[in-house]
Amino acid sequence: MGASDKEFRLIFFDSERVFLQAFADDLALVTAGSVRKELEINTNEALELIHLTLVELKLELSVGKCQGLAFRSLVRHQKRKGQNIFKRKPIFMINGQSIKTGESLKYLGVLLDSRLTWSSPILSLHAKVYNLTNTFSRKIKTDWNLDKELVKIGYLTVIEQALLYGAGVWGGSLTCEQIKRLHTIQRVFLIKLLRTYRTTTTQAVNVLSGIPPLHITIKMEYLRLKIWTCRSRRLDGVIHLFKLDKFEKLSEIPLNTRVLELRDKVQDSNFEVHTVGSKVDGGVRFSVCILHGEIQHKIICKKLEPQNTVVQAELLALCEAVDWAIENKNKINIYTDSRSSIETLKSYGSRSKFVISIKI
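Under full-length UniProt numbering, think of the first position of the sequence shown as 1, with each following residue one higher.
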């Protein structure tokens, strides 16, 4: 389908069951239905609307070049694994002409199949990687002094990007056999990069080159796209780098902070405070119970980040108790069953930024 600049007009009619993407002279129509009959009705209604719009724009559609592909949702596909997708393929019509429905469809360089196995894109990587690595091989042979870091950059920017094309679509359903194929594909280049013996294991060349296995990179691209399109909740498990604990140089830690003297008991205390830290149902939290005599005065409960440990929760509970005592100008005795937190506070050589902040 072609159109001049004057005749160009955006065709837009999306709904819960129909999505249309138009770019230049290409049209991609995505429809859905609970059963085959509903799928045919929704698709044919959308195709009829497209035909009427094209007639209005005085444009012609080449039905012979149109292709259709029908597949089940992932849930139903898993339940009916090994069976044909449809006993009878859906019939799609536009302007009284039938659209050919096949078992596979190539769109924007990504080969889709009716079973969503994604075997074809992975098989096509073999020829692609051999053509790319042959170019690098000729370059390496002519210049043995070529810096390996430059070759590695070439892999990351040229070869890997070519192999990752469309990974955001097909990277989420890799099987063990497909992962082995990816290892074989990546190994071809890594052997040439490191110039090692062919008997070197794949895991070894990955470690020596500093390049992660290809299936891990593909999975990262897949999850990145899902998070970006708000179709995955995996972002909930992402930890911000600056929230993690880290080491401080001992030379930069004040001496009065390193040494912390803890008395066993204060004789004239006004309150007794009990602290506890725990990890329940994947959540890290701590509680502080303040008693005046035998009467409960106050309870403080707080929840921490998922990456925090129980020891950190126990340390924060102690810190919370001390802060309360300073704020209210009271003398307190703190009781805890965490020997590890006490030993951590007494330790002279602790370099944890988290522990140092508690001591201060």
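Careful, some of the hints might be misleading.
The calculated PhoX-like cross-link candidates involving lysine-lysine, where the alpha carbons are at most 20 Å apart (straight line), are [as the list claims (entries may be wrong)]:
| hint | residue 1 | residue 2 |
| --- | --- | --- |
| 1 | 148 | 265 |
| 2 | 265 | 192 |
| 3 | 37 | 65 |
| 4 | 219 | 180 |
| 5 | 346 | 249 |
| 6 | 106 | 87 |
| 7 | 180 | 192 |
| 8 | 353 | 265 |
| 9 | 265 | 329 |
Label-pair restraints from in silico Cβ distances [unchecked claim]:
| hint | residue 1 | residue 2 | range |
| --- | --- | --- | --- |
| 10 | 202 | 264 | 15 to 21 Å |
| 11 | 184 | 107 | 25 to 31 Å |
| 12 | 134 | 95 | 56 to 62 Å |
| 13 | 203 | 326 | 35 to 41 Å |
| 14 | 165 | 67 | 18 to 24 Å |
| 15 | 105 | 203 | 25 to 31 Å |
| 16 | 107 | 203 | 48 to 54 Å |
| 17 | 117 | 138 | 54 to 60 Å |
| 18 | 33 | 95 | 18 to 24 Å |
Just so you know, these hints were derived from the structure itself, not from any lab. Nothing here was measured: the structure is a model prediction, and the numbers come from that model. Ideal placement from N, C-alpha and C gives every residue a C-beta, glycine not left out.
| query | Against the structure shown, which of the earlier numbered hints fail to hold, in ascending order? | reply | 1, 2, 3, 6, 8, 10, 12, 13, 15, 16, 17
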